[in-house]
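Visitor: Residue-level listing of the chains:
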Amino acid sequence: MGDLTALLRECTPQVLAAVVRRYGDFEACEDAVQEALIAAVQQWPVSGVPEQPRSWLITVAARRRVETLRNETARRRREETVRHDPAPEVRGDDELALLLLCCHPALSVPAQVTLTLRAVGGLTTAEIARALLLPEATVGQRISRAKQRIRESGVGFERSAPEERLTAVRHVLYLIFNEGHTASSGDALNRVELTREAIRLTRQLHRRLPDDGETAGLLALMLLTDARRPARTGPDGALIPLAEQDRGRWDAGMIAEGVALITRTLASAPIGPVQVQAAIAAIHDEAARPEDTDWPQILILYGMLHALAPSPVVTLNRIVASAMVHGPEPGLAALDRVTEVPMRHRVAAVRAHLLEMAGDHSGAREQYRLAARLTLSRPEQRYLESRAVRLH
Amino acid sequence: MKYLILIQSNPQSLAVWETLTDQQRTDFGLGHLRLTEEMRDAGVLVVSEGLGDPALAVQVSVRDGRTITSDGPYAEVKEHLAGFYLIDVADLDEAVAWAAKAPDAAYTRVEVRPILDMSTWEI
Chain A
1 MGDLTALLRE CTPQVLAAVV RRYGDFEACE DAVQEALIAA VQQWPVSGVP EQPRSWLITV
61 AARRRVETLR NETARRRREE TVRHDPAPEV RGDDELALLL LCCHPALSVP AQVTLTLRAV
121 GGLTTAEIAR ALLLPEATVG QRISRAKQRI RESGVGFERS APEERLTAVR HVLYLIFNEG
181 HTASSGDALN RVELTREAIR LTRQLHRRLP DDGETAGLLA LMLLTDARRP ARTGPDGALI
241 PLAEQDRGRW DAGMIAEGVA LITRTLASAP IGPVQVQAAI AAIHDEAARP EDTDWPQILI
301 LYGMLHALAP SPVVTLNRIV ASAMVHGPEP GLAALDRVTE VPMRHRVAAV RAHLLEMAGD
361 HSGAREQYRL AARLTLSRPE QRYLESRAVR LH
Chain B
1001 MKYLILIQSN PQSLAVWETL TDQQRTDFGL GHLRLTEEMR DAGVLVVSEG LGDPALAVQV
1061 SVRDGRTITS DGPYAEVKEH LAGFYLIDVA DLDEAVAWAA KAPDAAYTRV EVRPILDMST
1121 WEI
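Those protein sequence lines, which keep their order, are chains A and B.
Mapping the first sequence onto this note's numbering, position 59 (from 1) lands on 59, and the numbers just tick up by one.
Mapping the second sequence onto this note's numbering, position 93 (from 1) lands on 1093, and the numbers just tick up by one.
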């Protein structure tokens, strides 16, 4: 009996995925799968475990699902549908095909994110709404619009993935991760759910495409970033910057997995920007104390990242790394060249930091204050103000 | 990305309002209702409200743990927020396209502001 329970548990997620994939409506499919499991517990001890237990469960669950579906409509149509509808089956490449479908370029990025959470992640509309801080009606509408759009554009399951389509999938997975990771607003618990979901889905994609360097890099980046989550916020919800985090609270298991993965990947796959970001995260995570951080290595990696995927954020981080290696002076000059409006407060914060390093306390204080005025984030404001006060 | 579309009331918009016919005023109001509906159907609407008369506003402050209220805004305030749409869209271009559909945009102007995005912060 213990063996049977273990077997059923192992089958359940795959059976559920197959039925949800075919019929949608996670809740109803979940009920149907539960009924199939009950049937198995009653019948298998008598009749013996079927040769393909998974297929057996899917067939029964699918039949239950169709019955519920059709009970609300004409009985005659139900009979026909039940007879002609072949049972869905588990296919190894179903998850990738489903991801590609959900991240299809015919859909807007917010639609891709929502549909992925629903169709691949199996989250309910209510769960997605809570996690994305949107009204449930908006999420429901977005999902049905996305499905409608897919129907209209005639997009179907694709079993192979050109690089630009995979880039879109990785982008959506990273957006889901970031929604959960950044603390801009919202109930932390629901946001953490998104982080976990993103890691789970990226893990699946990595399992499907083990040789794809950027996918492996993305999984490593997520693990290495999420490992720091327990230390990222104080008891009052204030953000704690990397240099001041209690590193004993970092998740050592996740760090070990992430480091091993990115090390293996860098040695074997063609280099890409996500892998470089993961490598940077790995170096931070491997330092037992902030002063142990291998900044020369980080500076080299930011140089690579700047060449592969330049952005104002990369420029700024590269300046910080350079200051840690060569001292603050060249960085202060380079900062004047970062003029993007959304970066203004972060430029001020970095300038404050570099001035403090250079021993110019009054200049640093002024820049910390400026940065605090420019940012809209309360935790960030508190942090910057506390830095300014410390310099008195 | 979430964006806030701000509908301001100011001397300029009030002057325009004075020149509108009854029919135009009706269309204006219906235009906002339709826009809300269209945003909801498209799955981009977070929330949308029109604000009450600024004469009903109350200023709230806390000093020494005591909540102090006073009526406001003051007489010299010429511009006030009349309503807003909070939407969730792919980018600024899409937000601007929605803002352009606000009836006010045809007469005066509306403002689009991004909601704070911390997704690129390295913490």
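Keep in mind the hints are simulated off the structure, nothing from the lab.
Any given hint could be a false lead.
Unchecked claim - Far from chain B, by Cβ distances over 10 angstroms, these chain A residues were calculated:
(1) Tyr23
(2) Val109
(3) Ser153
(4) Val192
(5) Glu257
(6) Leu308
(7) Pro342
(8) Glu385
(9) Leu391
Unchecked claim - Cβ pair distances, simulated, as ranges:
(10) Thr1036(B) to Pro290(A): 44 to 54 angstroms
(11) Arg1113(B) to Ile300(A): 31 to 41 angstroms
(12) Leu1092(B) to Pro210(A): 32 to 42 angstroms
(13) Ile300(A) to Arg1066(B): 50 to 60 angstroms
(14) Val341(A) to Gln1059(B): 27 to 37 angstroms
(15) Leu1092(B) to Arg200(A): 25 to 35 angstroms
(16) Ser1061(B) to Glu257(A): 44 to 54 angstroms
(17) Glu164(A) to Ile1115(B): 46 to 56 angstroms
(18) Gln1059(B) to Leu308(A): 21 to 31 angstroms
(19) Pro235(A) to Ile1115(B): 20 to 30 angstroms
(20) Met357(A) to Leu1092(B): 29 to 39 angstroms
A virtual CB, placed ideally from N, CA and C, is assigned to each residue, including glycine.
Visitor: Holds or violated: 50 to 60 angstroms for the Cβ distance of isoleucine 300(A) and arginine 1066(B)?
Guide: 58 angstroms, holds
Visitor: Is 44 to 54 angstroms respected by the C-beta to C-beta distance linking threonine 1036(B) and proline 290(A)?
Guide: 50 angstroms, holds
Visitor: Does the claim that tyrosine 23(A) lies off the interface hold, with its Cβ farther than 10 angstroms from every Cβ of chain B?
Guide: 22 angstroms, holds
Visitor: Quick check: does the Cβ-Cβ distance between glutamate 164(A) and isoleucine 1115(B) fall within 46 to 56 angstroms?
Guide: Since the Cβ atoms of glutamate 164(A) and isoleucine 1115(B) sit about 29 angstroms apart, the hinted range of 46 to 56 angstroms is violated.
Visitor: Is the nearest CB of chain B more than 10 angstroms from the CB of leucine 308(A)?
Guide: Since the minimum Cβ distance to chain B is about 16 angstroms, leucine 308(A) lies beyond 10 angstroms and the statement holds.
Visitor: Given the range 20 to 30 angstroms, decide if the beta-carbon distance of proline 235(A) to isoleucine 1115(B) lies inside it.
Guide: 26 angstroms, holds
Visitor: Far enough from chain B: is every CB of that chain over 10 angstroms from the CB of valine 109(A)?
Guide: Non-interface label on valine 109(A) violated, nearest chain B Cβ at 5 angstroms vs cutoff 10 angstroms.
Visitor: State, for the Cβ atoms of valine 341(A) and glutamine 1059(B), whether the hinted interval 27 to 37 angstroms holds or is violated.
Guide: 31 angstroms, holds
Visitor: Evaluate the given range 44 to 54 angstroms for the C-beta pair formed by serine 1061(B) and glutamate 257(A).
Guide: This hint holds: roughly 51 angstroms between Cβ atoms.
Visitor: Would the non-interface assignment of serine 153(A) survive a Cβ cutoff of 10 angstroms against chain B?
Guide: Holds, since 17 angstroms exceeds 10 angstroms.
Visitor: Per the stated criterion, does the least C-beta distance between leucine 391(A) and chain B lie above 10 angstroms, as a non-interface residue requires?
Guide: For leucine 391(A), whose nearest Cβ neighbour in chain B is about 21 angstroms away, the distance exceeds 10 angstroms, so it holds.
Visitor: Confirm or reject the statement that valine 192(A) sits farther than 10 angstroms, beta carbon to beta carbon, from all of chain B.
Guide: 15 angstroms, holds
Violated hints for the displayed structure, listed by number in ascending order: 2, 7, 17 and 18.
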